[in-house]
Amino acid sequence: QDKPASRPIRRAAPDPEAGPNAPGPRDVVEEVGRAARQPAAAAGPATAMLPEQGRGGGALPAAPGRVTVSAGGGSELLQAPERRQDPGLYAEIIRAAEEIGSSADRRAVLARLLAKSDLSHDNVVAIIAATRTMASDTDKRAVLEHAVRHRSFRANPLTHVFYDALRTFTSSTDQRALLTTLLEARRLDSACLELIFKHLPRLGSVTDQRVVLTHAVRTQRIQGHAREAYLAAARAMDSDTDRRAALAALMDLDDARTPAAPASAQPTGTSRHTREDDGQQVWTSVHHVEGTRNGVPVAVDIVVTDALFTGERWNVRGFRPGGSLLVEERVGGRTRRVQATRDAAGNLVWSYWVDGQPRPFDAAARRWMENVIRESAA
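The sequence shown begins at 2 in our numbering and counts up one residue at a time.
Think of the hints as simulated: they come from the structure by calculation, not from any bench. Where a beta carbon is used, it is the ideal one built from N, C-alpha and C, also for glycine. Some hints could be false.
[Said to hold, decoys possible] Derived CB-CB ranges, DEER-like:
(1) 87 <-> 369: 29 to 39 Å
(2) 298 <-> 239: 36 to 46 Å
(3) 245 <-> 298: 38 to 48 Å
(4) 242 <-> 88: 46 to 56 Å
Please model the entire structure based on the sequences and the hints provided.
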């Protein structure tokens with residue numbers, strides 16, 4: 002039998018004299034509209050949050066859902082419809098999630114929210130802020146990696162909350178993983194890069210510091226104060242080997258780079274390639290193109306290090322150790338980006354993003370990449 006529509010319920014703070022078993026102010030249940038209620042015994046763990054289907058497999062109604070946070074801080078239920086919602090609802094859910102004591106449960110809620118494309122920039126910033134008190138660096142890093150890839154995340158300038166969250170890490174490995182993800186997903190301005198490079202001494206591993214620096218060389222344009230901060234971070238390393246690798250990466254980039262051209266200019270950059278004995282060629286190149294297409298501003302960046310190709314340059318078949326390929330095109334307000342590296346076994350690993358969101362690197366994505374290279378760097 003259908004239950005009548007529920008009314009908004011708010012449980013007030015307990016009477017101080019009511020005894021130790023009285024419910025606390027965090028035992029909050031908010032329910033709006035008509036929604037099918039599951040039996041209490043059927044409530045699942047945090048991974049059941051934001052279900053895509055209701056009872057009987059039907060789609061959930063468009064009305065807002067309910068949020069429950071237990072007095073112990075664990076997440077019991079966070080249910081909301083999958084359709085687009087008022088950012089205010091998401092803000093309420095984020096505030097409730099911040100009270101969850103378990104890092105794994107909080108990560109499950111925040112990661113599920115970040116899968117929604119209609120989050121506002123303020124919602125994403127609030128999610129980043131909610132990671133600062135998570136006990137697990139790995140859970141914290143996983144949420145932040147989702148956040149920096151979200152289409153609503155604004156990278157320039159980076160919100161101060163991101164730096165606040167970064168400073169709460171104790172794991173050098175997780176910091177390195179997060180920063181390389183950020184460098185892959187976003188083109189940062191000089192001020193952002195400067196702050197990131199100044200943060201690197203906080204990483205306990207000199208190798209992790211070097212990985213972030215060399216990754217920045219492959220994915221970013223390092224100039225002005227950012228370059229000064231890069232050199233300062235390299236000088237601060239107590240490993241001659243890692244310091245040499247960081248400085249060599251910057252020198253190699255300078256050898257390949259030419260000054261940026263005006264907005265309406267032809268492609269700029271330099272390129273070099275040599276033929277191998279097996280018939281493959283090695284391509285190392287930096288290209289920057291700016292112009293217009295049907296009146297719409299277009300900018301293309303291609304950064305390639307030790308790519309092995311056959312026939313034409315877009316036929317990349319592999320890389321020398323440490324090699325990589327980055328192709329990024331910005332047309333109007335849309336950004337598409339492909340990155341290729343090789344894994345420990347020497348296999349090609351392709352990644353593709355559209356407006357910061359990961360997408361499959363399928364045949365259509367490959368055709369787009371090949372066309373960009375053909376038009377800009379062939």
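Hint numbers not upheld by this structure, sorted from lowest to highest: Going through the list in order, the structure violates no hint and respects every one.
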